[in-house]
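> Chain W is already provided as a structure; the job is to place chain X on it using the hints.
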Amino acid sequence: MRLIPLGDSAVTVELGEAIDPDVNALVVAYANRIIEQGWNGIVDVVPTYRSITVHYDPIQWDLTALTDRLLILSCPHPHEVESQGALHKIPVLYGGDSGPDLEGVASFAGLKPSEVIALHTSVCYRVYMLGFTPGFPYLGLLPEQLAIPRLQTPRPRVPPGSVGLADRQTGIYPIATPGGWRLIGRTPIPLYHRTGLDPFLLKPGDRVRFRPIDQNEFERLSREMAHGHDRP
Amino acid sequence: MKPKRAEIDVVKPGWLTTVQDLGRHGYQRYGMPVSGAMDRFAAIVGNRLVGNPDGAAVLECTLKGPELFFRDDARLAVTGADLSPTLDGNDIPLWECLNVRRGGRLRFGMRRVGFRCYLAIAGGFDAPTALGSRSTHCPSQTGGLDGRPLRAGDLLFGGSFDGGAEQLVGRRLPDRLLPRYDRSIILRVVLDSRREFFQDAAVSTLLRSVYTVAPQSDRMGYRLIGPPLPRAGAHHFISEGTVTGTLQVPADGQPILLMADRQTTGGYPPIAAVISVDLPSAAQLGPGDTVRFVSCSIVEAQALLRTRHHLLDAALPPITVNRRSL
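So the sequences go chain by chain: W and X. If you count the first sequence from 1, position 47 lands on 47 in this note's numbering, and the numbers rise without skipping. If you count the second sequence from 1, position 191 lands on 1191 in this note's numbering, and the numbers rise without skipping.
Mixed in with the good hints there might be a few duds.
[Claimed, not checked] Simulated restraints on C-beta separations:
id, chain 1, residue 1, chain 2, residue 2, range
1, W, G96, X, A1201, 47 to 55 Å
2, W, T67, X, Q1216, 31 to 39 Å
3, X, D1073, W, Q84, 56 to 64 Å
4, X, R1208, W, P178, 32 to 40 Å
5, W, D97, X, E1196, 41 to 49 Å
[To be verified] Part of the chain X face toward chain W, derived, beta carbon under 7 Å:
id, residue
6, M1032
7, V1190
8, G1241
9, T1265
10, I1298
11, L1305
12, H1309
[Said to hold, decoys possible] Calculated Cβ distances over 10 Å to all of chain X for the following chain W residues:
id, residue
13, P78
14, Q152
15, P154
Note that these hints are calculated values from the structure, not bench results. The C-beta atom is built at its ideal place from N, Cα and C for all residues, glycine as well.
Chain W with its partners taken away, still in its complex shape (with noise of 0.2 Å):
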């Protein structure tokens, strides 16, 4: 375990080296018993990959009071620890409008794109993060096959819903922002539900399957979704 000082307000507690489940488990289970703590003066614990960011108010907490009480707490042991939460099935429209890179990512891959949608429903990722926008998730791991550099040059416009592939990553993007990643699909799901009780649809550690839809799918969910959306 390293700690890693950022500025005069925030620490970050390093948990290992890599992108691995059983680290990132920890990191979820970490930050949770974190959180449960209550500590007045924490106002944010942000897990990542391998480690988390832990957000003090400066005129409350110094450093090292802090870092002691986090070493008390100490880390789960990985035995402890539940390795995967909710599982979520998410609808995506693969290709076309939808997913402009679709072809791209095919031939890039040496694959046609009905292969490419194949191998990539046929994986359960684990949500490693949440972090660029509200409710994005970085999905991992990518098949081997599908790991594509992002575009040279990001669009300045992603739409909503829209599925990405970069390296060994997917993600989805919650809201309409610039992005780089290689677009092969879109989901009509809201991810970031900002009038909902509960505006996220994924955390940290749960799960995502893609399922593949089609066109009349994607609209009759759009038009469920905006009108559970309107719903007061």
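Same frame as chain W, but now just chain X:
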């Protein structure tokens, strides 16, 4: 006197005017940026001057302020950048609590000093809270006025306040606590303890050079133009949490200073982070302004912050009891 609730028309929205409080905490683990006032000191002082709790919502006005028409009496304070505020055509002082009468018109003119100006109103600006905060995060359309900047024709509401507290009028921030804004500043940083991501020359370059704030700078972060900070090629950086003030360094070596709407996690290694007590000065930089960095220890940084906090509390005690106005 009966509690009042001011209605205010937005005649002109200004260049970028948003509702902000002290930010949205507790959701960074879901990727939700903190947002909030870029210059927290100015926002807090504005609130204390008009008798609000520190976390009441204020307007953050960028570069060119709005034109506001007051349908009701209100009590306000303008803090932060000097964007030449006037009330009914007369200059008004910054960092001071004043009354505005029904029919009053608040305008702003040219930027004299600083980049972001704050308008606090007694009772705070009323807007629905989203995830516990009224701060506007425009990219995700969260908080404030439907998650967007002010538009002409918007109607703003002040929270209810006790119109009888006239003794606040004329109260001002003591001169010794007034921040000095400059278009060329020094920011203190805590250097990152890791050295593996940068060549040895990077830190000395950072601490010896002048960086200019690029035009592509916003509430998320400032791109800084200056001598590149050479990365060490061998180590791959795995995304981790960021803090406001982080100086992250992409492959081209040009640092980016992360600000209030920063991403919660970052994939570029950090070389240093601006200390909390200096973030308000950083918030007052605009494109073309320049900055130099000096190194500071964490202990020193935290002591400086506590000192400022105690001085401010002594001069303008925080308001904690009147929850009604929130």
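> If a hint holds in the structure, say so; if it doesn't, say that too.
Results of checking the hints against the structure:
1. W/G96 x X/A1201: 47 to 55 Å: For X/A1201 against W/G96, whose Cβ atoms are near 49 Å apart, the range 47 to 55 Å holds.
2. W/T67 x X/Q1216: 31 to 39 Å: holds, 37 Å
3. X/D1073 x W/Q84: 56 to 64 Å: holds, 59 Å
4. X/R1208 x W/P178: 32 to 40 Å: 33 Å Cβ-Cβ, so the 32 to 40 Å window holds.
5. W/D97 x X/E1196: 41 to 49 Å: holds, 43 Å
6. M1032: holds, 5 Å
7. V1190: At about 5 Å, which falls below the 7 Å cut-off, the nearest Cβ of chain W leaves the hint on X/V1190 intact, so it holds.
8. G1241: Cβ of X/G1241 sits 2 Å from chain W, so the hint holds.
9. T1265: With Cβ-Cβ at 3 Å, under 7 Å, it holds.
10. I1298: holds, 5 Å
11. L1305: holds, 5 Å
12. H1309: holds, 6 Å
13. P78: Consistent with the label, W/P78 stays out of reach of chain X, its closest Cβ about 20 Å off (over 10 Å).
14. Q152: Holds, because the least Cβ-Cβ distance between W/Q152 and chain X comes to about 13 Å, which exceeds 10 Å.
15. P154: About 12 Å separates W/P154 from the closest Cβ of chain X, which puts it past 10 Å; holds.
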